[in-house]
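If you want the building blocks of each chain, they are given just below.
2 protein chains.
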Amino acid sequence: MNPVAEHASGLIYGFVGLGLMGGSFAKAVRTQILNQPGSRGDILACDARPDSLRQSEQDGIISEGFPPDKAGDMLSRCDVVFICLYPRATLEFLQLYRDAFKSGSVVTDISGVKTELLSSLPDCLRKDVDFISGHPMAGSEKEGYSHASASIFTGRNYILMPRAENTPEHLEFFKNLVTSIGFRRIIETDAVIHDHKIAFTSQLCHVIAAALVDSAEDTGITAFGGGSFEDLTRIAMINAPLWTELFFANRKELLYHLDSFEQSLQQLRDCLENGDRDKMQQFLEQVRIKRTDMSRIEQP
Amino acid sequence: MNPVAEHASGLIYGFVGLGLMGGSFAKAVRTQILNQPGSRGDILACDARPDSLRQSEQDGIISEGFPPDKAGDMLSRCDVVFICLYPRATLEFLQLYRDAFKSGSVVTDISGVKTELLSSLPDCLRKDVDFISGHPMAGSEKEGYSHASASIFTGRNYILMPRAENTPEHLEFFKNLVTSIGFRRIIETDAVIHDHKIAFTSQLCHVIAAALVDSAEDTGITAFGGGSFEDLTRIAMINAPLWTELFFANRKELLYHLDSFEQSLQQLRDCLENGDRDKMQQFLEQVRIKRTDMSRIEQP
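Each protein sequence line maps, in turn, to chains A and B. The first sequence maps to residues 3 to 302 in the numbering used here. The second sequence maps to residues 3 to 302 in the numbering used here.
Careful: at least some of the hints might be erroneous.
Restricting the straight-line Cα-Cα distance to at most 27 Å, the calculated cross-link-like pairs of lysine-lysine (DSS-like) are [unchecked claim]:
id, chain 1, residue 1, chain 2, residue 2
1, A, Lys292, B, Lys144
2, B, Lys129, B, Lys72
3, B, Lys254, A, Lys281
4, B, Lys129, B, Lys104
5, B, Lys104, B, Lys177
6, B, Lys144, A, Lys281
7, B, Lys129, B, Lys177
8, A, Lys144, B, Lys292
9, A, Lys254, B, Lys281
Derived from the structure by calculation, the hints contain no laboratory data.
Isolated chain A, as found in the complex (with noise of 0.2 Å):
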């Protein structure tokens, strides 16, 4: 058996990127996984940002940092790898230190859209290394390594897109280590599935967000709110590359549920503007027993 998959302890961690994803796991696998009573293991970090290595080493959360420039001496010692990078570096990522990867590791991503990531792997991948996709379902509209909490995947979904090379082991390794930190559900599906209904539950929301905040008339409505913009509207607090990058590599997809959605919104222009109450009434009846429906489905 793989010494990645016969013990959690020991190993070597790697972090591609220490923002806010990349610096809650490596706190998360600090906390929930290493500073366990008899766990043993270390974690590495690279990341274009010096102040983020330095606070991180600070933190006691990585024993050492590496400038990008460094980062093949970094995977040539990680067992595991978290690269926690853009989806479209993720992937430049992989083709360019394709050969620094240690041989048997095990290397994973966050990319939020995976069709493209997925299917230009074989390209830009040894076989002696096990690439697990997965999509945590987390986040913050707070960006770097300084809003990064352990806590973030706590109760949250995990998407997990297992691909024919990955063996059980790893699977099987892998699935334990997202468990440990937190995650509560984890979801198994293939790229094509998943980039679908991201778009929906993810990426429309973001780009109805925008909307949203893009027509109201000016800053000070706020005075007039009652939580239900504002829920609606924080994801607004958006990271713009990022989703310029999602949006436009998901973009079929996006489409697709953007017509849905403006189909069911022109239902209700038309109940409104033809005075039609019974059909509003019913409308919005349905929409709560789904919406009730959704909040019951909480275990798999």
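Fit chain B to the supplied structure of chain A, relying on the hints for placement.
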């Protein structure tokens, strides 16, 4: 000086409608005002549901409950009356019980739409009754007295629409009252501005949430949720009859903001369809700045 304004002590508070809102107000008045050291006074309530009245008596919130056909008996004893009914029912109640209110009493409402109500007041209000119209920006997707809580008002906005007829003493008393039960910020405006702003912050948000839930392919979609979809659609667990009434009572304003929202949405769609990444990123950056500015506006 009017006895109501002189001391907020020894007053009889009456609640017409003891559902989520009326029940929450009654609980807040009991715990935050009447149960305070040295305070006196009492709470009566009128509701069509005997169970709610009985439960509230058992909870020690109200001292006596009245069925709807005895509302007049209650009103004649009350110094302060909270009418916690749907907007149209509020107006009908005022008309029906015009002669039952105690002379010199302060009466308030919680209607989510104000223009029609306030313009109809002269016909259904005696000159010796002071009607102060307000909109508590608080609520819950759960209904009924059993979900009422004194804490739902904590830190919330309260929109006050003073009328020329309101005495300064009563307005002062009323502002102290809503502050005492937890509201943080009182915004004073008129019915027309209220309805215009609320159509955006509240009604449009509910329309969007309903459309988004309606457009979901299935209820299992939340397995792919990371919080965005959940936050955007919590308010879609909607009280259909109430919100149908609110939407139609404010139809013109709601359609105005719906147009604006759809125009913003169209801009984002255009960026996607035209492959205009730079424009998309600029749009999102402006939205981020605008929404962040909104978050900073905490005090008037």
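Each hint tested on the structure:
1. Lys292(A) with Lys144(B): holds (15 Å)
2. Lys129(B) with Lys72(B): holds (23 Å)
3. Lys254(B) with Lys281(A): Measuring from Cα to Cα gives roughly 18 Å; hence the hint holds.
4. Lys129(B) with Lys104(B): holds (11 Å)
5. Lys104(B) with Lys177(B): holds (21 Å)
6. Lys144(B) with Lys281(A): holds (23 Å)
7. Lys129(B) with Lys177(B): The hint holds at about 21 Å.
8. Lys144(A) with Lys292(B): Satisfied, since the Cα-Cα distance of roughly 15 Å is no more than 27 Å.
9. Lys254(A) with Lys281(B): OK: Lys254(A) and Lys281(B) at ~18 Å, within 27 Å.
In this structure, every one of the numbered hints holds.
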